[in-house]
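Chemist: Sequence:
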Amino acid sequence: MGRPAWVSFAASSVGEPLWFFSVALCVKLLLIPSYRSTDFEVHRHWLALTSSLPLSRWYLDISSPWTLDYPPLFAYFSFLLSLPASLIDPTITDLIAGQNYSAPSAIVFLRLTVCAADLILLLGVHRLTARLPSLNRRVILALVLWSPSLLIVDHIHFQYNGFLLGILLLSLSFLVEGSDLAGGIAFAVLICSKHLFMVAAPLYFVYLLRHYCNGGSARAMLRFSMMALAVVAVFVVTFGPFVYYSQIQKVFHRLFPFGRGLCHSYWAPNIWVFYIVVDKVLAFGLVSFILGSQYLGILHSS
1 MGRPAWVSFA ASSVGEPLWF FSVALCVKLL LIPSYRSTDF EVHRHWLALT SSLPLSRWYL
61 DISSPWTLDY PPLFAYFSFL LSLPASLIDP TITDLIAGQN YSAPSAIVFL RLTVCAADLI
121 LLLGVHRLTA RLPSLNRRVI LALVLWSPSL LIVDHIHFQY NGFLLGILLL SLSFLVEGSD
181 LAGGIAFAVL ICSKHLFMVA APLYFVYLLR HYCNGGSARA MLRFSMMALA VVAVFVVTFG
241 PFVYYSQIQK VFHRLFPFGR GLCHSYWAPN IWVFYIVVDK VLAFGLVSFI LGSQYLGILH
301 SS
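For the sequence shown, the positions run 1 to 302 when UniProt numbering is used.
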């Protein structure tokens, strides 16, 4: 007598990822009423912003402290989420009345959007592990889909990092398969969704240049041109509307707020702490140097 069909499916290369994902989903659903940070209001506001304002004003809005500072592709994603949100509870997407809105309908809806977006993470890790030995595949599925860090940051604190990491894993899975062009396009989509992933751009550039743009000079140039056109096309689709509305400078000011300082607050326990300290020391040193120079100038003139 053979195994039941559901047991065979659960042990298959498709059923295993779904089982790991389903177990994680049960935990995520239990976390819906848990603590949430101000990032919950940030993302709710972005739904309201993209729903209520024309695209030309998305990066100009200052109706809330939580201004839009993600690349346009993530803003388009927020706009798509705002469509069902406005049907479920119109206050979620109300730019003024929705500020600091935390009704159960808003909490449940936004929490579920994070769970749904994690399907991209499931797809990415499934593609990346599909050809691995069974034990290795299960270990990686558990480490990724049951990651305590993602549970805390996405499903308690509130963000969409699993969705973004899923795009990264999709890109890597294409590279593993030898589909370098698709991998480059997926990575361009990732950068246009969250620009902090630009730190991996040099690695991608070197890898694709050596692995994809190889062969004779004519073949290498053709492939380089194809990759460049594909990546540029992603950026044109993403940023093109803001170039058309003459808002591209505003977009980059939001993405790279050097005038404001790159950190909203001072609590991040990572390299940004070092950046903040160095920034403050240099600022104090320059001010002291300028004041000292002015004082010496006054003494010499007198």
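Just so you know, these hints were derived from the structure itself, not from any lab.
Check each hint, because a few of them may be wrong.
[Claimed, not checked] Derived SDA-like pairs: lysine to any residue, alpha-carbon spacing no greater than 20 Å straight-line: (1) K250 <-> T67; (2) K250 <-> P65; (3) K250 <-> L229; (4) K250 <-> S63; (5) K250 <-> V42; (6) K250 <-> G240; (7) K250 <-> P54; (8) K250 <-> T38; (9) K250 <-> F235; (10) K250 <-> S64; (11) K250 <-> S37; (12) K250 <-> H195; (13) K250 <-> V236; (14) K250 <-> I32; (15) K250 <-> L60; (16) K280 <-> F258; (17) K250 <-> D61; (18) K250 <-> F239; (19) K250 <-> L168; (20) K250 <-> R57; (21) K280 <-> K250; (22) K250 <-> I62; (23) K280 <-> P257; (24) K250 <-> S56; (25) K250 <-> A130.
[To be verified] Using C-beta positions, here's what the derived DEER-type ranges look like: (26) I140 <-> K250: 34 to 44 Å; (27) R138 <-> Y207: 24 to 34 Å; (28) V237 <-> N100: 31 to 41 Å; (29) V206 <-> L229: 12 to 22 Å; (30) R138 <-> F252: 23 to 33 Å; (31) I156 <-> S225: 37 to 47 Å; (32) G215 <-> H157: 39 to 49 Å; (33) L60 <-> S225: 41 to 51 Å; (34) P84 <-> F284: 46 to 56 Å; (35) V237 <-> I156: 49 to 59 Å; (36) C26 <-> S149: 12 to 22 Å; (37) S134 <-> V237: 35 to 45 Å.
None of the values given here were measured: they were computed from a predicted structure.
Each residue gets a CB set at the ideal place from its N, CA and C atoms; glycine is no exception.
Chemist: Evaluate each hint against the coordinates.
Modeler: Against the structure, the hints come out as follows:
1. K250 <-> T67: Holds. K250 to T67 sits at ~12 Å (cutoff 20 Å).
2. K250 <-> P65: Status holds; Cα separation ~16 Å.
3. K250 <-> L229: violated, 25 Å
4. K250 <-> S63: holds, 16 Å
5. K250 <-> V42: Cα-Cα ~19 Å, so holds.
6. K250 <-> G240: holds, 13 Å
7. K250 <-> P54: Distance ~15 Å between K250 and P54 Cα, so the pair holds.
8. K250 <-> T38: Violated: K250 and T38 sit about 24 Å apart, past 20 Å.
9. K250 <-> F235: Cα-Cα ~16 Å, so holds.
10. K250 <-> S64: holds, 17 Å
11. K250 <-> S37: violated, 27 Å
12. K250 <-> H195: holds, 15 Å
13. K250 <-> V236: holds, 16 Å
14. K250 <-> I32: violated, 35 Å
15. K250 <-> L60: Given that 20 Å is the threshold and the Cα spacing comes to 7 Å, the pair holds.
16. K280 <-> F258: holds, 14 Å
17. K250 <-> D61: holds, 11 Å
18. K250 <-> F239: holds, 12 Å
19. K250 <-> L168: violated, 27 Å
20. K250 <-> R57: Cα-Cα ~10 Å, so holds.
21. K280 <-> K250: violated, 26 Å
22. K250 <-> I62: At roughly 12 Å apart (the allowed maximum being 20 Å), I62 and K250 satisfy the hint.
23. K280 <-> P257: holds, 16 Å
24. K250 <-> S56: holds, 10 Å
25. K250 <-> A130: Answer violated: K250 to A130 is near 42 Å, above 20 Å.
26. I140 <-> K250: 34 to 44 Å: Taking Cβ atoms as reference, I140 and K250 lie about 41 Å apart, which means the hint holds.
27. R138 <-> Y207: 24 to 34 Å: At 28 Å between Cβs, range holds.
28. V237 <-> N100: 31 to 41 Å: holds, 34 Å
29. V206 <-> L229: 12 to 22 Å: At roughly 20 Å between Cβ atoms, L229 and V206 fall inside 12 to 22 Å, so the hint holds.
30. R138 <-> F252: 23 to 33 Å: Violated - the Cβ-Cβ distance for R138 and F252, about 43 Å, lies outside 23 to 33 Å.
31. I156 <-> S225: 37 to 47 Å: holds, 46 Å
32. G215 <-> H157: 39 to 49 Å: Between G215 and H157, where Cβ atoms are some 47 Å apart, the hint holds.
33. L60 <-> S225: 41 to 51 Å: violated, 36 Å
34. P84 <-> F284: 46 to 56 Å: About 50 Å separates the Cβ atoms of P84 and F284, which means 46 to 56 Å holds.
35. V237 <-> I156: 49 to 59 Å: Once the Cβ atoms are compared, 34 Å apart, the range 49 to 59 Å for I156 and V237 is violated.
36. C26 <-> S149: 12 to 22 Å: holds, 18 Å
37. S134 <-> V237: 35 to 45 Å: holds, 40 Å
In this structure, the earlier hints numbered 3, 8, 11, 14, 19, 21, 25, 30, 33, 35 are contradicted, and the remaining ones agree with it.
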